[in-house]
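Enquirer: So you can see what is in the structure, the chains are spelled out below.
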Amino acid sequence: MATRMAIIASKGSLDMAYPPLILASTAAALEMEVGIFFTFYGLDIVNKKKYANLKVSPIANPAMPVPMPNMIGMLPGMTAMATKMMKGMIKKTDTPTIPEFIKTCHELGVKMWPCQLTLDIMNISAEDLIDEAEKSCGAAMFLDYAAEADITLFI
Amino acid sequence: MATRMAIIASKGSLDMAYPPLILASTAAALEMEVGIFFTFYGLDIVNKKKYANLKVSPIANPAMPVPMPNMIGMLPGMTAMATKMMKGMIKKTDTPTIPEFIKTCHELGVKMWPCQLTLDIMNISAEDLIDEAEKSCGAAMFLDYAAEADITLFI
Amino acid sequence: MATRMAIIASKGSLDMAYPPLILASTAAALEMEVGIFFTFYGLDIVNKKKYANLKVSPIANPAMPVPMPNMIGMLPGMTAMATKMMKGMIKKTDTPTIPEFIKTCHELGVKMWPCQLTLDIMNISAEDLIDEAEKSCGAAMFLDYAAEADITLFI
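Protein chains in written order, with my numbering: chain A, 1 to 155; chain B, 1 to 155; chain C, 1 to 155.
Just to be clear, a hint being listed does not mean it is correct.
Intra- or inter-copy, both count: the list cannot distinguish identical chains.
As the list claims (entries may be wrong) - DSS-like, lysine-lysine: derived pairs with alpha carbons at most 30 Å apart:
1. Lys87 / Lys48
2. Lys48 / Lys103
3. Lys49 / Lys84
4. Lys92 / Lys135
5. Lys84 / Lys48
Because the hints were derived from the structure by calculation, they are not lab data. Please read all numbers here as calculations on a predicted model, not as lab measurements.
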């Protein structure tokens with residue numbers, strides 16, 4: 001059996017959307033079998049209306065590349081500016097955008113499952129999801145998949 | 001040996017208290033063996049005085065279901081409102097509360113260990129913990145348990 | 001083969017810098033083989049100019065030991081105060097500082113790899129990194145290492 005990686009993606013901010021997709025596409029390129037379960041805020045990463053416009057928060061994040069005192073981070077427009085700065089840094093090094101990463105993951109055979117409970121709680125329908133996503137599933141199905149994995153990560 | 005899942009629960013906000021408990025109870029219902037190590041802010045999930053009243057932050061969370069500009073999120077009362085909104089969404093879909101989930105996990109045999117170092121750092125005594133919690137333990141004991149697990153997650 | 005733990009450290013705040021180092025040093029003391037991949041904000045933990053001065057955010061963190069209404073958390077100086085409070089609590093229980101933990105991890109043979117892509121995105125050079133860090137590497141190399149690990153964690 002191929003090495004398998006099972007990832008739970010639970011965050012929906014731009015910066016935390018990258019790690020599951022970078023790890024998944026890298027592993028799939030190494031011929032690992034990879035599945036991602038998108039749950040809680042992580043569902044935004046496979047939400048057609050949102051995935052191209054995920055945001056970075058400039059406040060409460062003292063570890064960001066460009067530190068910003070909290071009062072300044074609160075000014076209107078600062079979420080947009082922090083997001084733009086991160087997009088700029090990413091562009092400079094030719095890192096793909098989230099939709100580009102999703103496409104690559106899909107082409108490499110990464111399975112991307114939306115969490116059914118999250119769809120219910122957030123009142124989101126299957127039509128709101130990107131075409132690359134699999135049919136939604138529950139935690140039980142994913143745990144069965146993860147039980148056979150060599151690498152399991154909650155992001 | 002049964003499939004084993006070892007979870008480290010390190011967050012104490014209402015939204016991030018759900019994932020360890022949902023995953024643990026689902027896995028236990030599938031007859032997996034499950035242990036959770038409650039450490040750092042995650043200790044609040046097994047703190048008798050806190051676990052029924054965990055909060056959601058409305059700011060610095062651009063991925064929340066109902067987006068809110070930072071300045072508005074700062075107004076007094078907004079943490080309470082974000083918490084109430086999430087509780088409302090959860091109730092609508094009949095998702096159990098945190099105390100209900102803890103009870104279910106306990107009945108299904110999930111082991112819930114408070115981290116001894118966190119108890120010391122935060123100056124919390126064993127009497128402050130919920131009855132369903134096991135005796136506190138250290139990271140070494142938990143790592144021994146996790147070394148034999150099929151699924152390991154840091155939440 | 002010895003039990004192996006593979007950790008991805010992705011956060012750069014003071015509170016979230018502790019878990020990877022506590023788990024790594026504890027595991028190494030138990031004679032496990034341990035490797036940490038420092039990526040995204042987690043790179044700050046091996047950044048010579050930053051690792052002794054990581055900060056805790058007082059806002060958007062309703063689960064902190066000493067709760068603080070958001071408006072108060074926004075006042076200038078509150079990040080410094082929250083950081084000082086946490087350092088005080090840590091000192092009281094003789095928990096080592098981040099640089100002390102890094103030194104211990106290194107002495108116990110923990111491998112600490114900086115993420116090459118993060119170095120590129122954030123425009124950080126190898127000279128900015130602490131002496132205890134290994135040569136930087138990519139996600140592919142780390143995933144190969146993690147595929148053989150018994151415990152895998154994303155922090």
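Enquirer: Now, for every hint given, state plainly whether the structure supports it.
Expert: Here is what the structure says about each hint:
Taking CA atoms no more than 30 Å apart as the test, Lys87 paired with Lys48 passes in both settings, with 19 Å inside one copy and 26 Å between copies. Only within a single protomer do Lys48 and Lys103 lie at most 30 Å apart by alpha-carbon distance; the minimum there is 13 Å, versus 37 Å between protomers. Both within a single protomer and between protomers do Lys49 and Lys84 lie at most 30 Å apart by alpha-carbon distance, with minima of 19 Å and 25 Å respectively. Taking identical chains as interchangeable, the C-alpha atoms of Lys92 and Lys135 lie at most 30 Å apart only when they sit on different chains, with a minimum of 23 Å there against 35 Å within one chain.
For the homomeric pair Lys84 and Lys48, the shortest alpha-carbon distances inside one copy (20 Å) and between copies (27 Å) are both at most 30 Å.
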